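When you get a sec, could you build the whole thing from the sequences and use the hints?
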Amino acid sequence: MSLESFKVIATDGKARTGELRLPRGSIRTPAFMPVGTAATVKAMMPENVRQTGADILLGNTYHLMLRPGADRIERLGGLHTFMNWDRPILTDSGGFQVMSLSTLNTLSEDGVAFRSHIDGSMHTLTPERSIVLQKQLGADIVMCFDECLSLPAERAHVVQSMRRSMRWAQRSKDEFGENDQQCLFGIQQGGLEEDLRRESSEALQDIGFDGYAVGGLAVGEGQQAMFDCLDYAAAQLPVETPRYLMGVGKPEDIVGAVVRGIDMMDCVLPTRSGRTGQVFTRYGALNIKNARHQDDPRPLDDACSCPACRNYSRAYLHHVFRAHEIIASILLTWHNLQFYQDIMVGLRSAIEKRCLSEWHNEFERRRSQGDIDPI
Numbered sequence: 020m021s022l023e024s025f026k027v028i029a030t031d032g033k034a035r036t037g038e039l040r041l042p043r044g045s046i047r048t049p050a051f052m053p054v055g056t057a058a059t060v061k062a063m064m065p066e067n068v069r070q071t072g073a074d075i076l077l078g079n080t081y082h083l084m085l086r087p088g089a090d091r092i093e094r095l096g097g098l099h100t101f102m103n104w105d106r107p108i109l110t111d112s113g114g115f116q117v118m119s120l121s122t123l124n125t126l127s128e129d130g131v132a133f134r135s136h137i138d139g140s141m142h143t144l145t146p147e148r149s150i151v152l153q154k155q156l157g158a159d160i161v162m163c164f165d166e167c168l169s170l171p172a173e174r175a176h177v178v179q180s181m182r183r184s185m186r187w188a189q190r191s192k193d194e195f196g197e198n199d200q201q202c203l204f205g206i207q208q209g210g211l212e213e214d215l216r217r218e219s220s221e222a223l224q225d226i227g228f229d230g231y232a233v234g235g236l237a238v239g240e241g242q243q244a245m246f247d248c249l250d251y252a253a254a255q256l257p258v259e260t261p262r263y264l265m266g267v268g269k270p271e272d273i274v275g276a277v278v279r280g281i282d283m284m285d286c287v288l289p290t291r292s293g294r295t296g297q298v299f300t301r302y303g304a305l306n307i308k309n310a311r312h313q314d315d316p317r318p319l320d321d322a323c324s325c326p327a328c329r330n331y332s333r334a335y336l337h338h339v340f341r342a343h344e345i346i347a348s349i350l351l352t353w354h355n356l357q358f359y360q361d362i363m364v365g366l367r368s369a370i371e372k373r374c375l376s377e378w379h380n381e382f383e384r385r386r387s388q389g390d391i392d393p394i
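Residue numbers (my numbering): 20 to 394.
Where hints are given, some of them may not hold.
Said to hold, decoys possible - If you anchor each label on the Cβ, the simulated ranges turn out as follows: (1) THR100 / GLY227: 29 to 37 Å; (2) THR143 / GLU344: 38 to 46 Å; (3) GLY139 / VAL258: 22 to 30 Å; (4) SER376 / SER119: 46 to 54 Å; (5) THR30 / SER119: 21 to 29 Å.
I should point out that these hints are in silico values taken from the structure, not numbers from a laboratory.
Bear in mind the structure is a predicted one, so any value in this text is a computation, not a measurement.
Each residue gets a CB set at the ideal place from its N, CA and C atoms; glycine is no exception.
Okay, structure coming up:
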């Protein structure tokens, strides 16, 4: 697609707010993408995800290729029809899941051979195969195939991995070809080494992509190391295209990334946390399992507009969670997704008004207070 599909509306320091226009709809940036691993955002209906303010979802190529299969999804009309989501979808390349979930991986210049974590069957994923699968799924944003290392790692290993990923990026672009309905994003690698990140960025820009991701972070390096890397990594990517930080993160991680110039993020944390009883609020995280909530008539967060906060008390949510009722996963997930989207609304507004520093300080002040005990 044309790089002109992305427009920066306003900036404040390194932070940007803008719009990415795609055939299935526009994405307001900074944007948080809920993760729909297996063609569903767990515990949520698609229309309810949209109600939280999400403009785009993420699907996982690895999971979908194994079950129900990209061929089947294509025959049934593509991922959007299959999961009843008519707005943009980004699919990851499958590389991260191959490394983290499967067993008996064999990595070569060609790609990765691996056993399915579901039934042990053997599969091969190459840059070309990954692009074909994502095209079959019908993704609006396709990611190139890369190798994602865990950190810390020896520099020699980071160099080898990054350069292989750049060769795979070229093969991904060659397979993707010309396409006016889908975008292809490249993925910057290089660990925590500034010169390697720069080399990766230059290689990707020589190939040419519709957008660029910062990959290989939130893999064990810690928040400060991630922020230190983002201080230079985001700025190495083109200003006229979206910048996507993969797999991040906690609310503080997301805000810190936007302050450093990131436009798009995804993470399973708000949905996974909702299913395990962790709730994000303006005053920090709380655990609904804790007994202190059992007689508390207050909402989770009195500034939140989600159904959990509008219609139910902490006492009720504590009860249904402890009773293992399905409604607990639904309401807590809905709340967490709403909280994340509300952060994005606040960030976009603050950047446009050029008061991001004040907004950020107030965000951190409230979060540092911690959740307030019942009176």
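Hints versus structure:
1. THR100 / GLY227: 29 to 37 Å: 31 Å, holds
2. THR143 / GLU344: 38 to 46 Å: 43 Å, holds
3. GLY139 / VAL258: 22 to 30 Å: Violated, at about 46 Å.
4. SER376 / SER119: 46 to 54 Å: Violated, at about 36 Å.
5. THR30 / SER119: 21 to 29 Å: Violated - the Cβ-Cβ distance for THR30 and SER119, about 35 Å, lies outside 21 to 29 Å.
The structure is inconsistent with the numbered hints 3, 4, 5, although it conforms to all the rest.
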